[in-house]
Amino acid sequence: MSEQTKAQPVKVNDNAEGVDRKLTNYGDPGFSRFLRRAFLSSAGLDTEDLSRPIVGIVNTASDYTTCHRDMPQLIEHVKRGVLEAGGLPFVFPVMSLGEILTSPTTMLFRNLMAMELEEQIRAQPMDSVVLLGGCDKTVPAELMAAASADVPAIALVVGPMSVGSYKGERLGACTDCRRIWTDYRGGQIDEASVVEVNQELAPTAGTCMVMGTASTMACLAEALGMSLPFAGTAPAVSSQRLRLAVQTGRRAVEIGAADRRPSHVMTAGAFHNAITVLAAIAGSTNAIIHLTAIARRLNIRIDLDEFHNIFSQVPHLTDCKPAGSNYLPDMHRDGGVPALLKTLEPLLDLNALTITGESMRESLQDQSPPQIWQETIRTLSHPLGPTGSLVTLTGSLAPGGAVIKAAAASKHLLVHEGTACVFDSLQDLAERLDDETLGLTADHVLVLRNIGPVGAGMPEAGAIPIPQYLAREGVRDMVRISDGRMSGTAYGTIVLHCAPEAAAGGPLALIRDGDKIRLDVPNRVVDLLVEQAELDRRKADFTSRPLPERGWQRLHATSVLQASQGADLDFLQ
Numbered sequence: 140m141s142e143q144t145k146a147q148p149v150k151v152n153d154n155a156e157g158v159d160r161k162l163t164n165y166g167d168p169g170f171s172r173f174l175r176r177a178f179l180s181s182a183g184l185d186t187e188d189l190s191r192p193i194v195g196i197v198n199t200a201s202d203y204t205t206c207h208r209d210m211p212q213l214i215e216h217v218k219r220g221v222l223e224a225g226g227l228p229f230v231f232p233v234m235s236l237g238e239i240l241t242s243p244t245t246m247l248f249r250n251l252m253a254m255e256l257e258e259q260i261r262a263q264p265m266d267s268v269v270l271l272g273g274c275d276k277t278v279p280a281e282l283m284a285a286a287s288a289d290v291p292a293i294a295l296v297v298g299p300m301s302v303g304s305y306k307g308e309r310l311g312a313c314t315d316c317r318r319i320w321t322d323y324r325g326g327q328i329d330e331a332s333v334v335e336v337n338q339e340l341a342p343t344a345g346t347c348m349v350m351g352t353a354s355t356m357a358c359l360a361e362a363l364g365m366s367l368p369f370a371g372t373a374p375a376v377s378s379q380r381l382r383l384a385v386q387t388g389r390r391a392v393e394i395g396a397a398d399r400r401p402s403h404v405m406t407a408g409a410f411h412n413a414i415t416v417l418a419a420i421a422g423s424t425n426a427i428i429h430l431t432a433i434a435r436r437l438n439i440r441i442d443l444d445e446f447h448n449i450f451s452q453v454p455h456l457t458d459c460k461p462a463g464s465n466y467l468p469d470m471h472r473d474g475g476v477p478a479l480l481k482t483l484e485p486l487l488d489l490n491a492l493t494i495t496g497e498s499m500r501e502s503l504q505d506q507s508p509p510q511i512w513q514e515t516i517r518t519l520s521h522p523l524g525p526t527g528s529l530v531t532l533t534g535s536l537a538p539g540g541a542v543i544k545a546a547a548a549s550k551h552l553l554v555h556e557g558t559a560c561v562f563d564s565l566q567d568l569a570e571r572l573d574d575e576t577l578g579l580t581a582d583h584v585l586v587l588r589n590i591g592p593v594g595a596g597m598p599e600a601g602a603i604p605i606p607q608y609l610a611r612e613g614v615r616d617m618v619r620i621s622d623g624r625m626s627g628t629a630y631g632t633i634v635l636h637c638a639p640e641a642a643a644g645g646p647l648a649l650i651r652d653g654d655k656i657r658l659d660v661p662n663r664v665v666d667l668l669v670e671q672a673e674l675d676r677r678k679a680d681f682t683s684r685p686l687p688e689r690g691w692q693r694l695h696a697t698s699v700l701q702a703s704q705g706a707d708l709d710f711l712q
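Position one of the sequence shown corresponds to residue 140 (the numbering used here), numbered consecutively onward.
You can take every hint at face value.
Restricting the straight-line Cα-Cα distance to at most 20 Å, the calculated cross-link-like pairs of lysine to aspartate or glutamate (DMTMM-like) are:
(1) 481 <-> 501
(2) 550 <-> 666
(3) 655 <-> 556
What the hints contain is simulated information worked out from the structure, not anything from laboratory work.
Using the sequences and the accompanying hints, generate a full structural model.
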């Protein structure tokens with residue numbers, strides 16, 4: 140990966156500190172300082188308060204974001220740490236992206252949140268900022284914003300939920316949600332059982348406790364060096380999570396004094412380490428998009444070949460669903476990200492700086508590797524699975540790239556040739572998927588298009604359900620292909636992020652029912668087996684769909700880049 144010289148933004152009051160940073164423009168700086176103190180006095184702050192460095196604390200609590208339910212408690216502990224270290228905490232709200240209660244998808248709004256937070260960091264006085272988040276898109280949006288604003292920043296997630304239980308079986312959101320729903324569609328369990336189990340799938344505050352996108356990004360924030368050790372995995376309801384909040388508040392004051400900026404921490408070496416961890420945990424495919432977007436905010440270019448080069452060298456080490464059997468609290472019990480980093484030490488860039496001011500080498504010096512009694516984190520000599528837990532693909536169907544989580548796919552489908560059945564939209568999928576007259580078999584390839592960044596904001600719809608009549612026959616997996624994403628909690632032989640997407644006139648737009656598609660994961664290829672002359676004829680008939688009429692959705696559709704470029708807005712990189 141290459142690191143290029145970053146154009147520095149214009150900075151106002153660069154030599155000022157604390158409350159005198161970034162003065163409001165009244166044409167008289169003295170008056171601005173005078174008026175600022177008058178209004179801060181109305182908030183009960185005195186001269187001693189205003190002599191301290193200011194630490195901004197991002198608040199993404201919302202009734203619509205249930206996994207952030209305990210964030211108010213976390214904020215109070217961060218504030219305590221800031222005060223103990225001599226700082227003055229200022230909590231401020233940023234839009235909250237709750238996965239389950241946002242339509243059509245939170246991915247549509249990741250860049251909006253990043254833009255809002257970047258502007259707030261730039262506009263308001265703060266010597267450093269604490270990035271509180273946790274749910275899937277909040278962490279990447281915050282890291283993108285921090286990278287662009289480049290004010291000293293430290294990340295803290297809310298932590299994973301505790302694991303639930305039903306009839307003696309451990310359960311957790313959302314991999315088990317998908318399995319149970321598939322069983323229900325296939326007639327394996329009844330509606331009463333679904334209602335009962337629903338109470339145990341998300342039993343506490345916190346993010347999904349499987350290795351979905353939230354858990355993946357929490358681990359990667361730690362691997363990037365942007366959060367404290369164990370901050371990625373400590374359970375949401377644990378006392379350790381509260382202690383980490385206090386420690387994060389103290390550290391926020393320190394990084395402000397040291398002027399330790401995101402650009403100092405999130406270097407090319409740090410991204411190498413994060414991708415190495417992503418491979419080892421068989422993490423969410425969404426992280427490929429997010430890491431690319433964050434890196435490009437720092438003018439660090441990562442392409443799919445570089446992901447592949449690292450993925451091909453790192454075995455699967457972490458036994459967490461959906462590519463394993465355990466949960467994030469189990470990983471934390473067995474040493475968390477620090478133990479995993481110690482295992483991966485020979486493969487890491489040990490010179491990368493962490494938010495503590497230590498290099499990765501120094502931070503791992505006294506860290507113990509996983510012990511023999513531990514099960515969730517394996518060693519390089521005794522991995523859970525081979526290298527290539529995630530695979531980047533190219534080919535005639537995805538010349539701009541695609542991805543698949545091979546560790547969560549069916550081995551017998553990793554090399555497969557089948558007949559395409561094409562769905563043009565989510566509505567088309569809902570109306571026709573279970574229509575038995577389609578004559579689908581387990582060998583068909585299900586294709587869903589127009590759900591990419593431009594076409595639909597890139598929802599997590601790539602894990603197309605198994606047609607109900609096939610599910611009742613016991614079919615649990617089929618090859619599925621789309622230009623959208625899937626939840627990190629999902630599993631199956633699913634090709635995602637096909638680029639260029641259908642809405643941009645990519646090959647996905649040219650597939651017809653009955654075409655043959657060949658997937659060859661070992662050789663990193665997904666091909667549409669149609670003669671070029673026929674594709675050229677189809678291309679001549681292609682008509683792009685109308686853009687959204689107004690607002691954010693129009694701005695997004697006219698400015699968003701493809702998945703392989705991070706799906707960020709072109710003018711924000």
